[in-house]
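Visitor: Protein sequence lines, in the order shown, are assigned to chains A and B. Per the numbering used here, the first sequence starts with residue -15, numbered consecutively. Per the numbering used here, the second sequence starts with residue -15, numbered consecutively.
FYI, nobody ran anything at the bench for these hints, they're computed from the structure. Accuracy of the hints is not assured; some may be wrong.
It does not matter which identical chain is meant; a pair holds if it fits inside one copy or across any two.
[What the hints assert, rightly or not] When the alpha-carbon atoms are kept at most 20 Å apart in a straight line, the in silico DMTMM-like pairs for lysine to aspartate or glutamate are as follows:
1. K198 <-> D174
2. K137 <-> D50
3. K58 <-> D139
4. K58 <-> D82
5. K26 <-> D50
6. K26 <-> D94
7. K137 <-> D53
8. K58 <-> E131
9. K26 <-> E214
10. K26 <-> D64
Here the structure is a predicted model, which means the values were calculated and not measured.
Number of protein chains: 2
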Amino acid sequence: MKMDALLESQRIRAEIRAGRLTGTSRGLAHGFVQVNLAIMPKAHAFDFMLYCQRNQRACPVLEVLDAGDPVPRKLAPNADLRTDCARYSVFVDGEPQDDRTDITDLWRDDLVSFLIGSGITFDDAFERAGVPTEKDRWVLRTSQPTEPAGPFKGDLIVTMRWLTPQQAITATQVSARFPFNHGAPIHVGDPAGIGADTARPIFGGPVPELPTGKTALFWACGVTPQSAAEAARLPLFITHAAAHSFITDMRATSLITP
Amino acid sequence: MKMDALLESQRIRAEIRAGRLTGTSRGLAHGFVQVNLAIMPKAHAFDFMLYCQRNQRACPVLEVLDAGDPVPRKLAPNADLRTDCARYSVFVDGEPQDDRTDITDLWRDDLVSFLIGSGITFDDAFERAGVPTEKDRWVLRTSQPTEPAGPFKGDLIVTMRWLTPQQAITATQVSARFPFNHGAPIHVGDPAGIGADTARPIFGGPVPELPTGKTALFWACGVTPQSAAEAARLPLFITHAAAHSFITDMRATSLITP
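Model the full structure from these sequences, guided by the hints.
Guide: Take a look at the structure:
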């Protein structure tokens, strides 16, 4: 295949596989869907899938691979999940290990891989609709419990964005067009309404005072299932490192319909 | 609880549980979501859920219960799936057994129940939008393969409706508002385009010649996963009998957003 015949997503994954690109996936391959990874032994996969089904807004499962299969045949048919994510986090019995850029030596025939939609997917559509995505955005814990399944449980985690009233209305409409990728906001206004912990954000740095003329909007966030899987202390759990999502060949706009 | 405080769905389930109502669910509890049932041993539940995830348009899973649990806590919290469906079909090693009105004596602690969205759910919204639902409607096999998972595979099964051009446009828009319940049509026009077998309909009786001024529309149908589960010849598979769906307490309009 000639290089110029490749999609931008394929070119970037080739760089990642060759070890020449190890940084954040944010801003790369604009317009292609980026996904969160959750890789675990098959013994736990049914309960995890059940957890995702019961908490669909936070856990939009876009593809699940057969046990032992590292190839996302639907979202990126010539990729390999063992090498094509720039950085992986690994947990053994719930304990974080050193991050890796390759998980080939950890691979087992019983590992099931979940590809879960990420809020980053909205960014392209938001930008084209005039909704800024570069700043005023945080990932926060809330006090809203998710529906448990087997060992998977925990409070809902959300993405908070600060927008003008007009941007807020636009962002609500645009995100609602992605029902299989978090969809519309789950809350608007006072963070206390969902117990969102603005004092200790997971990502995004300290939260300053809300400026006059801005409104807070809250979307269910794909960190929710990742956090539940970490807390379940599985014998082995592998995920993308924060801000290092796996880049697929699927166009974000194609997620508007399944 | 006073009888007049019950939802219509709850009143009808009470009649079914008492054995006073054993006929079709079609036309009952208008506006409430009716679901297809798929009940199987946990050993097969992961592969079946994978099959549904991979064929989401045909297999919109609305709720999955923990193994052994017969109570759909989200869709009908005071129902019992062992008694509250008017008629059940039972398959042992793929062989159909006699239909039953109660499956209590077949119940086991390892049975996992799936509640899967049914196209009947559209009917109320279609009728209110001026799209007739009473006639010119068939369930057909196609030659489009579904994505397999474990032992589950087979061709896509569709619902075909004949509508006027204006009704077709309305029905497309209305059904598209239910992305978690089959969503928009998958095809319009010539049945041969998807290999739809109009010579041998599964339901709806013989298909006459298409009248002038009518267009055929095709929606992915919830009979698809049921057919795949039957063909997998599981040791035990229990489902609702055709046209005897389980009636939930969820309003059809609430399916517009998850």
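Visitor: Find the hints from earlier in the document that the structure breaks and name them by number, from lowest to highest.
Guide: 4
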